[in-house]
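Novice: Sequential numbering from 1 applies to the sequence shown in UniProt numbering.
Hints may be right or wrong, so weigh each one.
As the list claims (entries may be wrong) - Restricting the straight-line Cα-Cα distance to at most 25 Å, the calculated cross-link-like pairs of lysine-lysine (BS3-like) are:
(1) Lys400 - Lys463
(2) Lys299 - Lys147
(3) Lys302 - Lys237
(4) Lys302 - Lys383
(5) Lys147 - Lys166
(6) Lys649 - Lys394
(7) Lys147 - Lys257
(8) Lys302 - Lys463
(9) Lys400 - Lys383
(10) Lys327 - Lys400
(11) Lys237 - Lys166
(12) Lys166 - Lys299
(13) Lys166 - Lys383
(14) Lys237 - Lys257
(15) Lys237 - Lys147
(16) Lys327 - Lys394
(17) Lys299 - Lys237
(18) Lys649 - Lys400
As the list claims (entries may be wrong) - Label pairs and their computed distance ranges (CB to CB):
(19) Glu414 - Arg665: 47 to 57 Å
(20) Ile671 - Glu241: 19 to 29 Å
(21) Glu241 - Ala215: 40 to 50 Å
(22) Thr317 - Ala655: 52 to 62 Å
What the hints contain is simulated information worked out from the structure, not anything from laboratory work.
These numbers come from a predicted model, not from an experiment.
Built from N, CA and C at the ideal position, the CB exists for glycine as well.
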Amino acid sequence: MIGCLLVGLAAAGCSDDEDNSAGTNNTQADAGSDATGADGAGEDGSDGDVGEGSGFVQTNCDELQPAHCSLPWPSNQFLKPDEARATGFTLSFGAETLPASRRGTLTEPDNWRRLDGYGLGTPLLIHFEDLDISQMATEVAIADSLKEDAPVVWLEVDGDGTVLRKIPYFVEFDTRAQVQDEADRLTFIRPGVILNEGMRYVVALRGLKDTSGAAIEPSEAFVKLRDGDTDADAVLKSRQERFDDIFAVLASEGIEKQDLTLAWDFVTASSDALHGSMLSIREQGFELAGEQGPELVIKNVKENSETEHDHWWLEITGTFDSPRFMKDALIGSVPGAIFNFDEDGNHAPNGVHTQDFWLYIPHSARDASPHGLIQYGHGLLGKGSQTGGSHNGKIANDHKFIFFGTSLAGMSDEDVPRAANALSNMNAFSYLADRLHQGILEFLLLARSMRERLPTLPEITDKGIVVNADELYYSGISQGGIFGGTYMALSTDITEGHLGVPGNNYSTLLHRSVDFNGYAEVMNNAYPNPADQVVGLQAYQLLWNQTDPVSYLRHISDEPFEGMPSHNALFVPAKGDYQVSVMTNEFAARSDIGIKLMEHYGHDVDLVEAQPYPYTGSGVVLYDFGNAWPEPGNVPPAEEDGLGDPHGKPRRVDAHNEQMIHFFRSGGEIIDVCNGAPCEF
1 MIGCLLVGLA AAGCSDDEDN SAGTNNTQAD AGSDATGADG AGEDGSDGDV GEGSGFVQTN
61 CDELQPAHCS LPWPSNQFLK PDEARATGFT LSFGAETLPA SRRGTLTEPD NWRRLDGYGL
121 GTPLLIHFED LDISQMATEV AIADSLKEDA PVVWLEVDGD GTVLRKIPYF VEFDTRAQVQ
181 DEADRLTFIR PGVILNEGMR YVVALRGLKD TSGAAIEPSE AFVKLRDGDT DADAVLKSRQ
241 ERFDDIFAVL ASEGIEKQDL TLAWDFVTAS SDALHGSMLS IREQGFELAG EQGPELVIKN
301 VKENSETEHD HWWLEITGTF DSPRFMKDAL IGSVPGAIFN FDEDGNHAPN GVHTQDFWLY
361 IPHSARDASP HGLIQYGHGL LGKGSQTGGS HNGKIANDHK FIFFGTSLAG MSDEDVPRAA
421 NALSNMNAFS YLADRLHQGI LEFLLLARSM RERLPTLPEI TDKGIVVNAD ELYYSGISQG
481 GIFGGTYMAL STDITEGHLG VPGNNYSTLL HRSVDFNGYA EVMNNAYPNP ADQVVGLQAY
541 QLLWNQTDPV SYLRHISDEP FEGMPSHNAL FVPAKGDYQV SVMTNEFAAR SDIGIKLMEH
601 YGHDVDLVEA QPYPYTGSGV VLYDFGNAWP EPGNVPPAEE DGLGDPHGKP RRVDAHNEQM
661 IHFFRSGGEI IDVCNGAPCE F
């Protein structure tokens with residue numbers, strides 16, 4: 001999945017470009033807050049920014065875990081009260097909160113001020129030297145996290161301070177990190193569910209011990225907050241009222257503050273912050289493109305005999321013009337594109353972006369029998385030409401479908417230099433995060449154009465091809481399966497989609513991908529401290545969350561966006577996948593958001609009840625090619641199993657394809673194609 005870009009990353013990622021202008025990369029929309037820039041920090045670590053009437057003091061670091069500036073993550077220390085935002089906060093990091101590069105390049109906080117809270121898949125990041133986690137919940141025993149005596153308690157709390165539920169989680173060290181000093185090895189507390197939007201969460205760590213059995217002492221700052229002894233410290237005093245409320249919430253659950261090693265709270269971002277940009281761009285884009293979508297301009301038609309190509313009769317390439325919501329920008333010498341705003345800070349069109357499309361018509365269409373349409377989502381940093389893969393050709397011929405696709409702007413082959421730049425300069429990540437909105441818009445518009453315009457194109461009618469535009473579906477593989485979750489929540493024209501070897505929450509997926517070594521080498525060059533790399537990935541994820549499926553999965557079936565139909569998605573992971581962690585699909589199934597874990601999964605999943613076949617709706621069906629379940633840890637599966645990576649195998653199994661086609665044509669019914677047993681091949 002990622003291997004295709006490593007040469008480009010290695011070449012481009014070795015330059016930690018210091019020539020950065022915050023002005024050229026400020027993509028913050030005015031969301032009613034004063035988040036337009038950061039003043040320089042003072043000698044006391046604070047920039048003196050006190051929220052009017054709120055007691056908020058902007059600081060660079062959170063004193064609760066002094067060994068690492070931004071810990072604990074995510075922290076309420078960087079939530080600035082802001083009545084104009086949906087959550088009541090703006091995410092406001094200090095000028096030095098996020099990691100600086102090896103050469104001292106600071107990460108400007110402006111881009112993150114578009115958000116009003118943290119992500120729905122965020123882990124908690126903590127550090128205690130020589131921490132003993134042997135009695136804490138693991139990824140294979142997540143139910144242990146809900147025990148009454150669990151050392152970590154993660155609570156979801158409403159606006160009145162009432163506890164709504166405990167969040168299941170698991171704990172793991174950053175075993176991927178190659179540390180010379182254990183002080184640099186962080187601990188993850190990962191949620192076993194997708195969190196809710198615009199929600200407050202309170203975390204308590206109690207009775208923590210080191211591996212010798214000795215109690216771990218709270219930090220000086222936390223002791224002062226616990227004891228109410230903060231009058232002499234302006235920053236801590238500004239936080240006292242909030243922490244008094246935290247202690248009251250915990251006391252209501254029988255957790256006494258004297259037993260705490262650490263506690264804090266944070267708020268997740270609202271739907272407005274997570275989805276507002278994409279929904280605005282989609283709405284404007286469709287209005288500008290018109291009811292039929294952009295015109296399809298055919299550039300080339302290649303005709304094959306059945307001896308020249310087993311599956312494809314016609315291979316067609318062309319272009320379409322999408323309204324463009326980006327503007328050109330530079331970080332150092334690397335060109336890119338970021339959001340374009342009008343003078344009021346609203347997303348605004350800026351001309352058009354001419355994008356390529358690929359169209360593949362099978363030999364089965366020669367007899368003028370009606371053929372439906374499947375839009376294909378390509379692999380990581382790939383391109384739309386991957387639509388013509390042989391696996392799609394077989395499906396097309398066997399089941400009478402025409403396949404089409406385009407490149408996902410923001411994460412296609414032409415974005416490799418920008419991906420490399422982002423890994424070595426955190427200020428550059430908005431190039432990918434922003435441009436992905438353009439790419440998703442183009443996917444949506446192309447589907448509309450294919451449905452409305454393709455059936456009457458001369459290149460189609462002159463060949464006697466009959467397009468059944470009532471059959472319009474989505475199938476994505478790998479990156480296309482991942483972003484398929486986002487696409488299915490946003491599509492106005494497609495209600496059934498197949499997500500092949502999918503996952504969600506890229507910052508979790510990357511550590512568990514066999515291909516991440518290439519990324520890690522580039523990041524290590526620019527950000528050599530392992531703790532900085534972990535925090536950096538979480539900072540990237542905050543911007544990624546505006547398009548990452550972790551923010552959209554709940555809106556596929558159970559909670560469609562306003563005016564949208566409910567959609568059905570068939571999730572098809574491969575057990576032991578080297579490249580995309582299967583576990584993240586289990587998080588979705590555990591979240592009670594309308595995504596079921598279908599029976600015969602191969603093992604029991606804590607806190608998830610398996611769904612019997614048949615089932616109409618969204619569900620996860622696991623395909624097993626003999627690979628073992630991965631060992632726990634934020635590392636990829638072992639490659640020494642002799643079986644090879646199963647990542648590309650489900651799409652080549654007839655039973656899988658029959659299940660997918662039935663799902664499409666039945667309106668989302670998931671049927672058993674494995675005879676009442678796990679799907680083992």
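Novice: State the violated hints by number, sorted upward, taking the hints as numbered earlier in the document.
Specialist: 2, 3, 10, 11, 12, 13, 15, 16, 17, 19, 20, 21, 22
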